[in-house]
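S.K.: Given next are the chains, with one letter for each unit.
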Amino acid sequence: MDDEPYILWLDDCDRTSMSLVGGKCASLGDMIKANINVPPGFAVTTAAYRDFLVEAGVGQEIQKILAPLAACPDDVEATEKASLTIRQLMGSSPIPAKIEDSICRAYQELCGECGVADLPVAVRSSATAEDLPDASFAGQQDTTLWVRSAGSVMIRTAICWSSLFTARAISYRVAMGFPHDKVLISVGVQKMANARVAGVMFTLNPSNGDRSTIAIDASWGLGESVVSGMVTPDNFLVNRITKDVIRRVASPKLLEYIPDAEGQKAVVMDVPPERQTALCMTDEEVQAVAILGECLDVYYHYPQDIEWALDRDLPFPRNIVALQCRPETVWSRKPRESIIRQKGGPLDFVVANLLAGVRTGLNHSRED
Amino acid sequence: MTTNGRFPSPFEVPTPEGCEGWKDLYPYYYVFSEDRKEFEDKRFWFQDSMHHPEPLYPFDTITCESWWVALGQNNTRVFIVPPALGIDQRVLNGYLYITALPVANPDDIPARVGHFMERAGYYFQNWDRLYAQWVKKAEDTIAELKAIKVPDLPEMEDLETVVRAGRGITSAYDLVVAYDRAIENMYKIWQLHFEFLNLGYAAYLTFYGFCKNAFPDISDQTVAKLVSGIDVILFRPDEELKRLSQAAIDLGMAGVFKKTIQPDEVLAEMGKSDAGKKWLDELEKSKDPWFYFSTGTGFYHLHRSWIDDLTVPCLAIRGYIEKIEKGETLLRPTAEIRKERDRLAAEYTALMPTDEDKKAFQEQLGLARTVFPYVENHNFYVEHWHHTVFWNKMREFGKVLVKNGFFKEVDDMFYLHRFEVQEALYDLIGAWGSGGEARGPRYWPAIVEKRKALFEKLKNYAPPPALGEPPEVVTEPFTIMLWGITTDSIKRWLQPQGTGDSKQLTGFAGSPGLAEGPARVITSVAELKDVQLGEILVCPITTPSWAPVFPRIKATVTDIGGMMSHAAIVCREYGLPAVIGTGFGTKTIKTGQRLRVDGTSGVVTMLD
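First to last, the protein sequences are chains A and G.
Just so you know, the first sequence maps onto residues 1 to 368 in the numbering used here.
Just so you know, the second sequence maps onto residues 1001 to 1608 in the numbering used here.
Isolated chain G, as found in the complex:
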């Protein structure tokens, strides 16, 4: 597919068989087109497999489209990042491709430096105050989303609230407004997502570069340890599970989890006794917001959360109960973690060559620590908490449309782009208002069926990792910072893949240590319950919400992810060896196969 160190042009990639018409799934501005060919063909595009390893459902492009604006505007219009504009997006054969846009004229850079110093400088200097403000804004945005009421369309409007109150406005108007507010709300949370992110990563990675320069052997994990926070919100959901495990023991209800970990059965069993009901009360206390925790990245509507499905929490609680009964302590030793972090910082400072270096190291460490809580915590607010609410809110619209015959199933709506859903809603209210017949029920079901079939084909298609001519050396800061794409990773993509009988896979050294054991290949959350004690988890991607199975496993191997990915952060926290981003782990490794996972060097060896 690739020749002489060049990836195919977006205009020469063939449409997979049976996938003709895929462009109809996406807006006109979102696909490669002859009118912009001159620009598009000059760029180097890479597939965003870190966030979007699967084809994009038409509706789910909303997450990408939201960050398209949000990421870019902060470089381009807000902070004026000296060398970089934003990240441009296109879809090809259903997969998201992105390209980083540089500042076209280098002569503009000096003036941009001045603006950046003033603007970013203000944020860095006032970080804690602005971040506290951010938390409030994020929580308010989530509250606004939750408060949106998705009205049913009644046979007849209410006498009291509409007629006697003289409202003059009906559920039809409320329905389309609710939809618009929800869509706007998604855009708003992503605006907030990137308010701090680019600056946060820039500061962190500057510190990282400084460390690598001073200590060429320092590992990414160690740099993260120097900076990482103590009370990280991302770990809080798991802490809640530990609390609930202890509560089950204290209430004498631990036995329930020995009988079953099927969520329905657990809830039913608990409901039978007073002690069990007390435990259910404790469960309710934990749920909001800590169970708004996605079992995926949160980017896709398919990524359901603990609040939707208690399988992962129940599984975890059983494991924790076993540990507590064995006398193990589950509390995070925060005092020790803090002490260790301080020790590392002091010893690295002492090894710096000069006093000037020591001072610079301390200052940059200080800034990195200031920004890092945002880097660590923003995902909980946005991708987990907000998106859990968002996808479920969208399903409420889906229910209305199902009820009115537009779709067979609620999730069918995600095969429509958000603009198409809006069209459908206007179709619906037109018919409801007039008392006529909506076209939707005769129009959409067939389209959805066709798109579902198309989608299955797109899922089995292996998209080229990149398009166009790659730069000789990757220097674009955001490509490196946010996606971990380097000159080396591009070289790796250009090599023929999956050839020979290699018994080794390489990836990023996500979390140090060495482990051997049988593999358990998992491709969906539902299979998590099959994981046996002492196995090595092999999965497409792990997210923090999978962490509860970590006490059962010896190591983790993922297809996707980079050093800063959540999987790496959580594995380090659990002290589990992890090799992240092997590319083909789940396709190459079979359940039961013995593996050696070296999380320090990033190598997985298949021993059978």
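With the rest of the complex left out, here is chain A:
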């Protein structure tokens, strides 16, 4: 077990490394293998957590603190107290040098790859016991955005580890009879997208349900402006199969969210006039975004509603990243009905077509 690495790059993660990197990082790794770009990053593995427990002597202390709780599983106050003690202990115990070195080196490498010193990253917990039904039992929700510097990454990593010992997580395990020392946790460290352009896409045309179309809304800066409806975004339609851009509509984009100078949050700025009415993406970029959407649709076997960004710190096409996705709900929930209105073979269709008057849509490929 000693040869298990402390760091695994997301590119190297997949479902087989679940026990090492947790569900969230394994799934990001699977997506990367399915050609779905996500912001680059790494997992601090469960091996790092385990060695931290052993080498800092924290593990034995925790067992001692938790042992009495087995007798009184419903004692909320005792559980709260144990949680607080453990989390203070974990926060104050020094991380062994070799673990610290690994995390530090990985962070610096990520900064180097993106060409940004003190690269802002998101630090998230990634639990290994994904098969347990209650997601919150292992503190999976623990996420911190805009983390900068190796030192801060270290602190947030320790906090993620300690999220395994929230009162709720402890009492859940006690109630289920699940041993505390069998639950391990990994931490994902991922670049914050520094979006030059961002937006939302559907892997069908939301106005007519055409599944051979990918519809993209895009505007300058971070995606919040599009998601919140603060700007009217540029709109693109792409043929999913041929990748032809079949429509481009430029809109006046007056505002954009950009990370502020400190990189701690996003601020709203005016878009300079020369960029307001210009299309915010080239056809090549539009096509790359559409391909990202297609890959996600294929990956999940279902039409998707995707937040994406075009990251200014990364080279094309690596810069096109998926940030969030969820199933499309409007068209996809409707039953898919047959489009056939008459029976028979091709000749019957020809006759019906002649009788109906050839579809008047002929020659109407041009936009309205």
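What the hints contain is simulated information worked out from the structure, not anything from laboratory work.
Misleading hints may appear alongside valid ones.
Pairs of lysine-lysine residues, derived as DSS-like cross-links and limited to a Cα-Cα distance of at most 30 Å, are as follows [claimed, not checked]:
#, chain 1, residue 1, chain 2, residue 2
1, A, K343, G, K1259
2, G, K1188, G, K1136
3, G, K1287, G, K1277
4, G, K1287, A, K243
5, G, K1452, A, K243
6, G, K1259, G, K1272
With chain A held as given, fit chain G onto it using these hints.
M.R.: Chain G only, in chain A's frame:
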């Protein structure tokens, strides 16, 4: 000119100034007349600007008159198309107007469906065999035309073949028979032209409608890509030019094209060396039939072919040589095209909602692919190959008439209707036989001069796009299938044209993509040589034979044409953005003006 969504009646359109007497150019049955007013005034007529954007030369009405019979008879008398009869024709102020005739009594339709299923069904089921038979018939018809000998009228008949052989028949008889055979041959090739066309388009457009229904966003180009053939005969002439370019390089003769692309000079230069002579041999191999390729639609006698004028081929060969020397490969990647076509079909099938839809899609795609080779290839046989031979054959009669003083120039004969030419020939043989004097030389030259002047005026006349009251919704299948006329296009015609300072022109999205560059406005083949690398070609219509300049240009804008027009097919093949049928491109755009051509949405923007 138009009021309240109605076009003028054919009976209220004024004769353009100086064009009085234009009706004399056409047969009595070919013009609007008081005796048929009741019928003619009820119909909606539109000008066939797709095939006949220019006024009809009296002789050239033969192409229209041939398809008038041929198109109609297949709906009306052969396949019994359930809702539609044929397309009727009239000429007004020199321009061709057409109207689609419906089945008058809807109660007749069910019985017609039964006949159609039986008759069209037979053709669809036996398509490949019948099409192979068709190719033979078309080639035989062309061979028959080529074989027609147009005799000169000798001073004295030949001793051997006429006297000693006891022939009893002379060149006079041969001359009028030759003429009749040639005219009949034109009618025959058009009979064949429409043997498959209506069925082919009906099957293709049924598939098209099915696709549009399933995928509202699918573009016309993509539907065509799903169906289009791999070895399309229409591309073969261009393939021959590529072959000749490679041959020039292999023989060390590529330098000739760097010195000159004037056909005469190229031929003379090649003739000076053995290697050059070998290249000329290769040229001969390509010519028949691949240079019987019209630089126009083939409908007019003016549309000359590569075989008549090597300007376009020479221009193209120079371009191809440059490309080969840059290391580019000119071969069509047929394996990739086939793979891509299969990929598109598989992915669209997978997106169909139900298994039943998938099956129907596959079956209709199968039928569309069966019929499409005919749709793609028939033009080469008829409008290109046959008509090149036909117009030149007619010129042989013209030469005989010039020699006998009837005309000053050979092409003067095209200012006569074919019946008038026949009259002239009978005039000639009467005089030749009797040894008397033909009236023609005193009669026709003045008429030709008058008609030429009239014609110049007709050319500058802007005909109304349509006549009569339009239907609220266009449902007539052949209007839509063959001319691409829709409810929308009629609305567009009814809007005042060319008003304001609009910097945009719209047309059909002929071939996808976006390009910017300086315009080159071309109105005749002779100007093609002026096209510079990286320009955007703006022209009345492009035909496949113009394709060789395509490697030099960035995009194409045409005045005329529809989605299924050859220009669109060829631009897609070359991956060039094209906006087809803008109406006024050549009149609005100036050479040198910067343009943005969006072939995906069908919009041309003038940037200066």
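S.K.: Need the status of pair K343(A), K1259(G): alpha-carbon distance at most 30 Å?
M.R.: Measuring from Cα to Cα gives roughly 65 Å; hence the hint is violated.
S.K.: For a C-alpha distance cap of 30 Å, please report whether K1452(G) and K243(A) respect it.
M.R.: 52 Å, violated
S.K.: Next pair to validate is K1287(G) with K243(A); report whether the Cα-Cα distance is within 30 Å.
M.R.: 39 Å, violated
S.K.: Compare the distance between the alpha carbons of K1287(G) and K1277(G) with 30 Å, and conclude whether the hinted pair is satisfied.
M.R.: 15 Å, holds
S.K.: Assess, step by step, whether the Cα of K1259(G) is no farther than 30 Å from the Cα of K1272(G), and give holds or violated.
M.R.: 14 Å, holds
S.K.: Would the hint linking K1188(G) and K1136(G) be met if the CA-CA limit is 30 Å?
M.R.: 14 Å, holds
Of the numbered hints listed earlier, those contradicted by the structure are 1, 4, 5.
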